[in-house]
Amino acid sequence: SQQGEEDPQALSIQEGENATMNCSYKTSINNLQWYRQNSGRGLVHLILIRSNEREKHSGRLRVTLDTSKKSSSLLITASRAADTASYFCATVANAGGTSYGKLTFGQGTILTVHP
Amino acid sequence: DTAVSQTPKYLVTQMGNDKSIKCEQNLGHDTMYWYKQDSKKFLKIMFSYNNKELIINETVPNRFSPKSPDKAHLNLHINSLELGDSAVYFCASSPQASGRAAFFGPGTRLTVL
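Protein chains in written order, with our numbering: chain A, 1 to 115; chain B, 116 to 228.
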């Protein structure tokens, strides 16, 4: 079953603005990951945040995780036209103390950054 | 030096045919996956193999049969193709049993006519 839901489904901004995407999930997790998918391409891993972490940064990306609310957000600062893509959150669930890396994806947010 | 490769990139075929998609990874990962992305961009796991052993089978019709000849390869064979099988199929790999980042192939766009 689908684990995550993302909000908004589509986001259109101007270059230089910040973009915030949200993800909610339903079950307890081991970690949560964000991926980017450019049109017609495969997914590229952006960042991973573990269930015991609250915030993580990577370059212009900032991810937060609130396990009490079962939600995460991805912030892209100072956006560029090249950031135009679909962004997906994916959760890895705890499964009896082991995890084989099964990713359960949200529906994705389509981000368009206008030059 | 592609990390995860898939062939073919595009596959157009008639209903009822049997087709295969091949996947190879050169990352030394132990775990490989097949994901299906539908027309609404929703991604769903189909299968996962760890060291050539099937560990996840997500209620996929038995017309779909994965085969892993070695841990660097995971192929997907589909029998009696149906219109609803049209989608983009992604192969991925990750380090063993770690829940770490997955590396995805470029996808195979399957169109069933």
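Mixed in with the good hints, there may be bad ones.
List of simulated lysine to aspartate or glutamate pairs, EDC-like, C-alpha gap at most 20 Å [stated by the list, open to error]: (1) B:159 to A:7; (2) B:156 to A:83; (3) A:26 to A:5; (4) A:26 to B:139; (5) A:69 to A:83; (6) B:155 to A:7; (7) B:151 to A:5; (8) B:156 to A:55; (9) B:156 to A:7; (10) B:186 to B:133; (11) B:155 to A:55; (12) B:159 to A:5.
These are calculated hints, taken from the structure and not from any lab test.
Structure-based check of each hint:
| no. | hint | result |
| --- | --- | --- |
| 1 | B:159 to A:7 | holds, 19 Å |
| 2 | B:156 to A:83 | holds, 18 Å |
| 3 | A:26 to A:5 | holds, 9 Å |
| 4 | A:26 to B:139 | violated, 33 Å |
| 5 | A:69 to A:83 | violated, 28 Å |
| 6 | B:155 to A:7 | holds, 15 Å |
| 7 | B:151 to A:5 | holds, 17 Å |
| 8 | B:156 to A:55 | violated, 27 Å |
| 9 | B:156 to A:7 | holds, 15 Å |
| 10 | B:186 to B:133 | violated, 24 Å |
| 11 | B:155 to A:55 | violated, 30 Å |
| 12 | B:159 to A:5 | holds, 13 Å |
Violated hints, in rising order: 4, 5, 8, 10, 11; the structure is consistent with all others.
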